[in-house]
Every structure is written in C-alpha cells, then in structure tokens.
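Colleague: Number 778 in this note's numbering belongs to position 144 of the sequence shown; there are no gaps in the numbering.
None of these hints come from the bench; they were simulated from the model.
Fair warning: there could be bad hints in the mix.
Quick list of in silico lysine-lysine cross-link-like pairs, DSSO-like style, CA-CA up to 27 Å [to be verified]:
#	residue 1	residue 2
1	Lys-748	Lys-776
2	Lys-748	Lys-758
3	Lys-758	Lys-780
4	Lys-776	Lys-758
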Amino acid sequence: MDERWFLGILLFAVIVIYVDGAACGNAELETGETCDLNKLGGENCTNFNYTGGFLSCLDDCSGYDFNTCEGEEVCGNGVIGNSELCEPDNLRGRICTDEGYEGGTLKCRSDCLKYDYSGCTGNKSICGDGVISGVEECEGTKLNNKACTDFGFTDGVLSCDQCRFNKGLCVNETVEGNVTEEFGRDMNETINETGSDTDEELPSGVKGAAGDVNQFNFGLNLKYWLIILGGILLIGIALMYIFLFRAEK
C-alpha cells in the first residue's frame, strides 16, 4: 500500500469522525437538540404526567416520543396526545385568522379536543356557504363586485378559489400598431391564493418536526452523504491506482 492509499483512507476517516460528532444520532446532546438517542436530558414519562413507561427520542432529535409511555393522556401537560387537537401552550401554530376569524387570540379548550374561539374577533368565515364574511374575499361566483381592473390589470377574467381571488386569468395588454403584447400573469400570487379551506381543522395526532439542520434530500443527513462521497473518492483512487499501475507495467 503506497502513500496515496494511506492518505485517502486517512482523509475518509477524518471526515466520518468529524461529521459523526456534529449530527443527530451520535448520542450527544448538542445545541438545537431536545434529546439524542438515549440522551433524554434527565426527562422520563412521569415528568409529562404519564404513569410510567419508556421515554424515547424522535429520529430528528427535535423532541420526545411518547408512544411507549404508559397511562392516559393528560390535557394540560404540554404534549399533544393522539386524541388531542391542542394544548394550552401548543396550538399547532394556528391563529384566529387561520380559523376564519378576522383577528384576536386563539386558545385551546379545557378538554384539549377543540380550539376555543372566544378570544377571536369578527364572524367566523365558512368557505362554501355562499356568504362572503370574515376574511373571505369571495364566494363561488360572488366576487364582491370586483374585477381584474380593480387589481391593476387591464383585462381578463377574475375568479374565486377557496374564497380567495384567483387572478391567474387577469392580463395586462399594450397595443403597439397592430401588435398586442400580453404580459405574464402573476403566478406567484395565484399559487399563494390557492390554499386550503380556512375552516378545516388539523387532524389529531400529527407530530410537528423541527427538521435536522444537517438534513439533505432523499432522507439522508450530512454524515451519510459524506460517507457516500468518501466511498466514491476511495473507489476513484483505487481505479486510478490500478490503471496507472498497469500502464507502468
């Protein structure tokens, strides 16, 4: 084994050791992590109002996994259980306007099964009931006497999608001689306005994930990407060595 093999293997080992010490899954509790494998920060199931069981860590180190904890779910423990929609301090990121109101403060009901809208202001909008109310811009074919020209366009067809104006068919036109130029549509605005129904509640049992800062596409974190790249590098060095060795012969 010549020095090129040695240097390649040494470089590969250094990369693996370095990345392994800076990624979720190395059993070291680091900045930005709630837990890491068996490193739970001294927490256990009883600290979250369960009667017992085994507390574990989520795969992305963003929080705890309570699936193996024992005892009934307790409303008010800060943990959204499978049958709960919310917790007093955890509304799944929802606010009053997400629920069809004009503003105010969204709360969680005392049983954690539904939201408490008593602190929200304005009438609750129900998209599809045929009445333009609350945060709705339109309803079906009812466009509230609006047209494309009200939004800075010169012509086109304004429509309603999920109780929001859809300006995808609105256009700007300039006439030069006999040539008519149609400017592009504001597709970003169209995409942003085709969201989900504001009256739809999130299903219970959905766990949010903060995401691993070392996460790449295809579900692989930085550590495994560098291991793969390191392996490819070693294979390349080996092939170069073989071909150069044969060429010298």
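Colleague: Evaluate each hint against the coordinates.
Modeller: Here's how the hints hold up against the structure:
1. About 31 Å separates the Cα atoms of Lys-748 and Lys-776, which puts this hinted pair outside 27 Å; it is violated.
2. Annotation: proposed proximity of Lys-748 to Lys-758 holds, straight-line Cα distance about 15 Å (limit 27 Å).
3. The suggested pairing of Lys-758 with Lys-780 holds, with an alpha-carbon distance near 22 Å, which does not exceed 27 Å.
4. Note on Lys-776 and Lys-758: the hinted pairing holds, with a Cα-Cα distance of about 18 Å set against a maximum of 27 Å.
Consistency with the previously given hints fails for number 1 only.
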